[in-house]
Amino acid sequence: MTREEIYKALDEVFEEVFDDESIHVTDTTTAEDIEDWDSLEHINLVVAIENRFGIKFNMSEVTSMKNVGEMVDIILERQ
Amino acid sequence: MRELEYPFDNDYILKKKKSLKKELLANERQFIEKKIAILGGSTTNDIKLVLELFLLNYGIKASFYESEYNKYYEDAMFENLELEEFHPDIIFIHTTNRNIIRYPEITDSESEVNAILESEYERFKEMWERLFEKYHCSIIQNNFDFPTYRLFGNKDATDIHGKINFITKLNLKFAEYAETNQNFFINDINYQSAQYGLDKWGDPFYWYMYKYAVAVPAIPNLSFQVANIIKAILGKNKKGFVLDLDNTLWGGIVGDDGVDNLTIGEETSEGQVYTDFQKYILEHKKMGIILNVNSKNEESNAIAGLRHIDSILRPEDFIAIKANWNPKSNNFKEISQELNVGADSLVFVDDNPAERAIINQELPEVSTPNMEVPYRYIEVLDHSGFFEVINFSKDDFSKAEMYKENAKRRQLQKSFTNYDDYLKSLNMEAEIGGFTSIYMARIAQLTNKSNQFNLTTKRYTQAEIEETAQDQLHITLYGKLEDKFGDNGVVSVVIGKQNKNRLDIDLWIMSCRVLKRDMEYAMMDSLVEQCKKRGIEEIYGYYYPTAKNGMVKDFYGLQGFEKVSEDPEGNTVWKFEITDDYKKKNKFIKVEE
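Going line by line, the protein sequences match chains V and E.
Per the numbering used here: the first sequence = residues 1 to 79.
Per the numbering used here: the second sequence = residues 80 to 672.
Hints were generated in silico from the structure; no laboratory data involved.
For every residue, glycine included, the Cβ atom is placed at its ideal position computed from N, Cα and C.
Some clues are possibly wrong.
[Said to hold, decoys possible] DEER-style ranges, computed between Cβ atoms: (1) E:Lys-248 / V:Asp-11: 48 to 54 Å; (2) V:Thr-26 / E:Lys-248: 37 to 43 Å; (3) E:Asp-355 / V:Glu-77: 46 to 52 Å; (4) V:Glu-77 / E:Ile-180: 41 to 47 Å; (5) V:Thr-26 / E:Ile-180: 43 to 49 Å; (6) E:Tyr-287 / V:Glu-15: 55 to 61 Å; (7) E:Ala-194 / V:Asp-38: 42 to 48 Å; (8) V:Glu-12 / E:Thr-625: 37 to 43 Å.
Could you put the whole structure together from the sequences, leaning on the hints where they help?
As structure tokens, then:
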């Protein structure tokens, strides 16, 4: 998958998890930008992304990812 | 909703829970509202959110209290105004092996090990007792899952210092407590974790990252089981099976292949599959689940199949046998009407997806599990949780008999032209009195199951019923009806609250299986008598309309009440003045107080 394709797929996951079809994520999107993205929803998001891309994040990645861009970097590297 | 029936997709539910909730709430069904407190020994957020979905799917709209992270013990043991104000109907204590404080050390003596076991158990027992005393509600408690490692290997199960051995003993003690406490229920996560796969269930990633003791992907399994216990407490279990025959109860088609060529019996592998499935169905009959047949067949062929020498199920095991060429949805409706059991209480068991689709379309409230691979039939039915057992009441064991007796009554009724003569011929005897402990479970069950003959549709848990029975200001009455065909068990319940010289009726319900038998009059006579003893002069009755209780709209009018008021929603208030010359209304039932 290219970076663009990953973004497209990520949009779908975010839209489903937060039940909001208007969400579009970019490199700089963080939890601040999405209303329902709190620490409790973070886990559901992580699990949904792992399932979508067939990858597993490790513990330090889950805690250290600062924005969607870093998330995409990991997905690109892992796939 | 198909997405929330077994076998469900855990990841899908977790991901889509927001939109699933919206969809469930958009449904125009009537919900029972209940308050549920979750006291957690680890993170419970998603457990709550997914539990909410499964409950909505069962017609239960829950509001929740959730303890702060791992504050289950403090919430239970110390003053807690928020929880008191919340006034829970049900408390669910979500603890796991992560909440065991002390395990035996390798060097501990046997008596030291026992002391540790006792202290772990006592900590929980004190909590249950305090909660029950304080909140007087049903309590659901997890037992313990096993840890994902075994220090001694297999010996961990048998050595008194092993964690597996310790947890097994602790779980047995929990089970013993559940056996003797009717409002206490164990959610068996020890089984659930085994079924899910222990390593995945206890995946430590979710513990270290988010303090979820049960891995997030496993949560729907856990929440589903808790929802099953709750719907069973609230009397929303299924009541019976409607079964197809060909390729469901036996292999082959009896009309085409002939009785002698059916696949059933111990001789072949395939035959064993159907034999075991029939045994599984028969076990249900023994616990009071009613069995019916809905098959496209000549009736003679259907009966011949059930008389096959290897058929475990016999024609006598079924209440209604519909074997004909009518659409199965018509047969299904007829069965539901004849038994006087809502279609939503019957499970349709058929291997043919086209037949299931017709039922889904015509009767969307019916559960139609996917019966696809014969050797998985048992698994599909079993894991669906249709018949979650709460307490066995004697009534449950004799339920099948009761439905048979009803069929005989209907026949007798047909032979009389005068209805009064028919009632006389039934030789009815009733037992009417204040709630007593042996009937509490049945009374609570009735208050949650009755929808049609139910004036206020107020629901009670068993704990609330017990509390009301003890309260001096309440008049409680249960009515049990017997006739020459058999015992109907407890069929009617009335609860009224005294306020000086007046009584307000909070609840008046009756099981529809004794409609038009004069039982409502017998109950009224007893109620009036109780009122007289207490110096009550007037009785107020209330009717609150719902989608299902139209049949009792004018009930109080028929009982001789006068309508006092009616609001735009159709809620009515009725008044009855007790006079000295009150004449008993019941003419056909001999009443024993």
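For each hint, the structure was consulted:
no.	hint	verdict
1	E:Lys-248 / V:Asp-11: 48 to 54 Å	holds, 52 Å
2	V:Thr-26 / E:Lys-248: 37 to 43 Å	violated, 56 Å
3	E:Asp-355 / V:Glu-77: 46 to 52 Å	holds, 51 Å
4	V:Glu-77 / E:Ile-180: 41 to 47 Å	holds, 42 Å
5	V:Thr-26 / E:Ile-180: 43 to 49 Å	holds, 48 Å
6	E:Tyr-287 / V:Glu-15: 55 to 61 Å	violated, 29 Å
7	E:Ala-194 / V:Asp-38: 42 to 48 Å	holds, 43 Å
8	V:Glu-12 / E:Thr-625: 37 to 43 Å	holds, 41 Å
Hints 2, 6 from the list above are not met by this structure, while the remaining hints are.
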